[in-house]
Amino acid sequence: MIRFITRRLIGIVITFFVAISLSFFIVRYAKGSPFTSERAMTAEVKQALEERYGFDKPMPVQYMNYMKKVFFEFDLGLSTKYPDRTVNEIIGMSLPKTMLLGMFALFWAILVGLSAGIIGAVKQNTKWDFAAMSMAVVGISLPSFVLGPILALIFALGLLWFPAGGWGTFSHLVLPAITLGTLRAAYIARLSRSGMLEVVRSDFVRTARAKGLRESYIIWKHALKGGIIPVVSYLGPAIANIMVGSVVVEKIFNLPGMGPYFVDAAFNRDYFLVLGVVIVYSAFLLLLNLAVDVAYRLLDPRVNFNG
Amino acid sequence: MQKNILRYALVLGFSLIVSSCISTENEKFFGTTKPKHDPNVLWINNGSEPQYMDPQKASGAPDGEIVRNMFGRLTEINPKTGKPIADMAERWEISEDGTEFTFYMRKGLQWSDGKPLTAHDVEYSWLRLLDPETASVYASLAFDIVNGDAYNLGAIFVQGQGLSVEKIQDTLSALDLGDIKQSKYPAGFMVYPEGSDKDAVRKAILKKVNEEKVLGAEVTAEPAAKKHVQAKALDDERFWVKLNGPLPYFLAMIEFYIFAIVPEHVIEKIKARDGDDSLWVRPENVVCNYAYCLEEEAFRQYKIFKKNPLFWDAKNVTLDTVKAYSIESGNTNIFMYRTGEVDWTGANTDVPLEYIKKLKHLEDFHIDPYLGVYFYGFNVNSKPLDDSRVRRALSKAVDRKALSEILGGGEIPFADMVMDGLAGYKSLGTPLFEPKEAKRLLAEAGFPDGKGFPRLELVYNTQEKHKQIGQAVQQMWKENLNIEIELVNKEWKVYLDDMTGRNYDIIRRGWIGDFIDPYTFLELALSTSGNNRTGWKNAKYDKLIRNANIMSDYDKRLEMMREAEKIHAQEMPFMPLFLYTRNHIKKPYLKGFYFDYQGHHHWRYMYIDERYYDGKYHKELPEEEDPLRRSPVWPPSEETTTITLDEIKGSKSASVNVTQINKVGS
Numbered sequence: 011m012i013r014f015i016t017r018r019l020i021g022i023v024i025t026f027f028v029a030i031s032l033s034f035f036i037v038r039y040a041k042g043s044p045f046t047s048e049r050a051m052t053a054e055v056k057q058a059l060e061e062r063y064g065f066d067k068p069m070p071v072q073y074m075n076y077m078k079k080v081f082f083e084f085d086l087g088l089s090t091k092y093p094d095r096t097v098n099e100i101i102g103m104s105l106p107k108t109m110l111l112g113m114f115a116l117f118w119a120i121l122v123g124l125s126a127g128i129i130g131a132v133k134q135n136t137k138w139d140f141a142a143m144s145m146a147v148v149g150i151s152l153p154s155f156v157l158g159p160i161l162a163l164i165f166a167l168g169l170l171w172f173p174a175g176g177w178g179t180f181s182h183l184v185l186p187a188i189t190l191g192t193l194r195a196a197y198i199a200r201l202s203r204s205g206m207l208e209v210v211r212s213d214f215v216r217t218a219r220a221k222g223l224r225e226s227y228i229i230w231k232h233a234l235k236g237g238i239i240p241v242v243s244y245l246g247p248a249i250a251n252i253m254v255g256s257v258v259v260e261k262i263f264n265l266p267g268m269g270p271y272f273v274d275a276a277f278n279r280d281y282f283l284v285l286g287v288v289i290v291y292s293a294f295l296l297l298l299n300l301a302v303d304v305a306y307r308l309l310d311p312r313v314n315f316n317g
Numbered sequence: 019m020q021k022n023i024l025r026y027a028l029v030l031g032f033s034l035i036v037s038s039c040i041s042t043e044n045e046k047f048f049g050t051t052k053p054k055h056d057p058n059v060l061w062i063n064n065g066s067e068p069q070y071m072d073p074q075k076a077s078g079a080p081d082g083e084i085v086r087n088m089f090g091r092l093t094e095i096n097p098k099t100g101k102p103i104a105d106m107a108e109r110w111e112i113s114e115d116g117t118e119f120t121f122y123m124r125k126g127l128q129w130s131d132g133k134p135l136t137a138h139d140v141e142y143s144w145l146r147l148l149d150p151e152t153a154s155v156y157a158s159l160a161f162d163i164v165n166g167d168a169y170n171l172g173a174i175f176v177q178g179q180g181l182s183v184e185k186i187q188d189t190l191s192a193l194d195l196g197d198i199k200q201s202k203y204p205a206g207f208m209v210y211p212e213g214s215d216k217d218a219v220r221k222a223i224l225k226k227v228n229e230e231k232v233l234g235a236e237v238t239a240e241p242a243a244k245k246h247v248q249a250k251a252l253d254d255e256r257f258w259v260k261l262n263g264p265l266p267y268f269l270a271m272i273e274f275y276i277f278a279i280v281p282e283h284v285i286e287k288i289k290a291r292d293g294d295d296s297l298w299v300r301p302e303n304v305v306c307n308y309a310y311c312l313e314e315e316a317f318r319q320y321k322i323f324k325k326n327p328l329f330w331d332a333k334n335v336t337l338d339t340v341k342a343y344s345i346e347s348g349n350t351n352i353f354m355y356r357t358g359e360v361d362w363t364g365a366n367t368d369v370p371l372e373y374i375k376k377l378k379h380l381e382d383f384h385i386d387p388y389l390g391v392y393f394y395g396f397n398v399n400s401k402p403l404d405d406s407r408v409r410r411a412l413s414k415a416v417d418r419k420a421l422s423e424i425l426g427g428g429e430i431p432f433a434d435m436v437m438d439g440l441a442g443y444k445s446l447g448t449p450l451f452e453p454k455e456a457k458r459l460l461a462e463a464g465f466p467d468g469k470g471f472p473r474l475e476l477v478y479n480t481q482e483k484h485k486q487i488g489q490a491v492q493q494m495w496k497e498n499l500n501i502e503i504e505l506v507n508k509e510w511k512v513y514l515d516d517m518t519g520r521n522y523d524i525i526r527r528g529w530i531g532d533f534i535d536p537y538t539f540l541e542l543a544l545s546t547s548g549n550n551r552t553g554w555k556n557a558k559y560d561k562l563i564r565n566a567n568i569m570s571d572y573d574k575r576l577e578m579m580r581e582a583e584k585i586h587a588q589e590m591p592f593m594p595l596f597l598y599t600r601n602h603i604k605k606p607y608l609k610g611f612y613f614d615y616q617g618h619h620h621w622r623y624m625y626i627d628e629r630y631y632d633g634k635y636h637k638e639l640p641e642e643e644d645p646l647r648r649s650p651v652w653p654p655s656e657e658t659t660t661i662t663l664d665e666i667k668g669s670k671s672a673s674v675n676v677t678q679i680n681k682v683g684s
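Chains as they are written, first to last, in the numbering used here: chain B, 11 to 317; chain R, 19 to 684.
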């Protein structure tokens, strides 16, 4: 297992390095500059700004300087859109918020999704199953840019239960987390239902029933572990989706997370912020994939680490 | 199939819910009219997170709103009359020729940390604006100060006996010097290096003049510096500035936030500590001189401002706390307004178009005219747009009234560059739609009934409104001229790149005036203007505008500008379509709020009508009769505002066309 993790970590470092390098040249050669604006600026002003960010130097020098700063000083540079803020500072302020939102969304997705899936499997072909799967269809059919405003209209504007936007208290997180987590909850419900159905029909469950064990005990103790394997393998991409999907939700509810930078920084040609976001997301995704693989192995002993 | 039916049912169901939730048909206002906070608090939306809160570096509207409420200028604009009035300066004197201004600072001015504020702070601030290191995109507004441009653009000052432009040019001819201007004060010449390697040229000039003495033993050269700029503190109370010519809009222009007074003692301390001054506007460092000061901030969420008790007019400031959100989404903005989480949707975020129809009849919804023109620019070097008849034909074939109706946001159909009544200006009144004349002009240019007219591209940046306008104009040109135009949508930065490089046939443009004067719009078409970007050059136009700006007779100046605009109308490098409007929603309990042509709203005049805490609607009283108005004199400084440009020069400066505003605003 240690060999497996070490091998994967080396791969991650290489992938990470390639991702940053590619992103660096893609954003730097994209048409447009962070300093172009509708109002013309003098050549002197442009020069002063370029000097401040080191854009006056040849591209290979800029690349080397950037990589050196990132890998040896953990300095992600200055934002051009918010010039008195460092990228470290911006990400440091926004990432925890996105992660907190993601955690709540994931909690919602797992809680609702697993419950619906288990109910659907245990009460197969009953009204309970039908209700749970209908909800899953609704969840899958509603994109977050539709669900978010609807939830805001009903629960913030209509019933006044939650704030329509902003950040600060638990109630600010409820609607965004539900918006973000619902789609994943729907997938989890379907995956866990089919996974559970497969397990509850297997021989060892039948044996357990024959022994006279309680149904609830069989479900929780025996069936669940095998039944949620499809869910676990989905969790990696789901968490990634939740992080990336927060772009829309954070915009809808005006949350100060990292999501908006994912798009805005690219539009603003805020080079270092774009790269900073790429670094964080790619590190996150790569490590998450590793974590899922390890978790998969722990849940299912048949999976071989050397495979 | 079943899935589709379910989807349709869902959409229908949710539409009904949505509709019922924002139903306003029987209401006068959008959402609650009972304040959710104490009467000394205000919650507003300032739009997006400001890029800078540093006055000399700020450039966007969200930046400006914050800067204007934290830092005072020498003058400000009276929002009731549109005239410049005294702010940090209590009065001023103007020389006979109208080029020198001496400002007298108010007595006892203080920074929020208790340090005295003097004319030296003004000198520091204005020179900081011009300092090339500050890299202010607005520095060019101060180029009318003698040698302001020389300092900012890195010119070389050459001084000595027997000098002339010819002598400098001939002697240093190999250096490809660029522009050479006689410096008005102190006597000498300013040499403006041009080309890509300006630094090398600068160094070469200094070496040749100072070391090799090529211009004579007595002649010296030095880089233009602060000391050459004719803006100085004469003592603690008096600030003096000399302009290149009499600028009738000068007092209105210096109300612009880039001329705000900033604390040298704080900025220099931060610079010494960090190597640059960028952190001086953080809450833990910032020191203010105006009504409010930044107390706390949450990046991209909100900023909390507290009343500055040391502001010179603090006794007339009602609100203790202003919380300014950074809500970019129009939807979230109006949702939060409805639930009472913001009292005013702010000047920087429009109500989404889809809600305007629904909200239009409400008493708290406002559409105000705005100091801005929406227009298309023609690349005059691209055929057949090099023919002014074609450009005019295209302009006359657009039905601007119909266009405004399509948009539905109260846009004012307009076919000139400068609005009627702006600082006394009489608009040309160009007809809004002349399809017959358009056809005739196009035929005259060699394209009868559009035959042989090439397929041109109309470039716009990604935004639904620009697309909508483009499609309408495309249709009008098809119907009225029988020509085909292709719409090309470009991402913002690519669009800007294409505009700067003139890589287009026709391009969408817009311009918001920086100050209340026709020059703010007419400057666009100058051949020397970096904002022109059409390739159009007209020597007569340039001369008229330049001469107008050094004309001391105000009426004659306006007439010269009008003559210049007639040339523009005949040549039509820019095709105006409408005047911008701003829409916003404001709670009825928020008072002391005045219409402003530029969308500037000082928090210092605002207050909460406490009667609204009973949850009922209270009929609006005229501001003067409002018994709860805590500041009885409006503006609070009126009795000390003894000198205005009008009174000094007997002119019509800085008056706005109130009739038009009221008509549109109602």
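Just to be clear, a hint being listed does not mean it is correct.
What the hints assert, rightly or not - If the Cβ cut is set under 10 Å, some of the chain R residues that face chain B in the computed set are:
(1) R291
(2) A316
(3) S344
(4) F451
(5) N507
(6) G531
Rather than coming from a laboratory, the hints here were simulated on the basis of the structure.
Quick caveat, the model's predicted, so the values are computed rather than measured.
All residues carry an ideal CB built from backbone N, CA and C; glycine is no exception.
Margin query: Of the numbered hints stated earlier in the document, which are not met by this structure?
Written below: 1, 4, 5, 6
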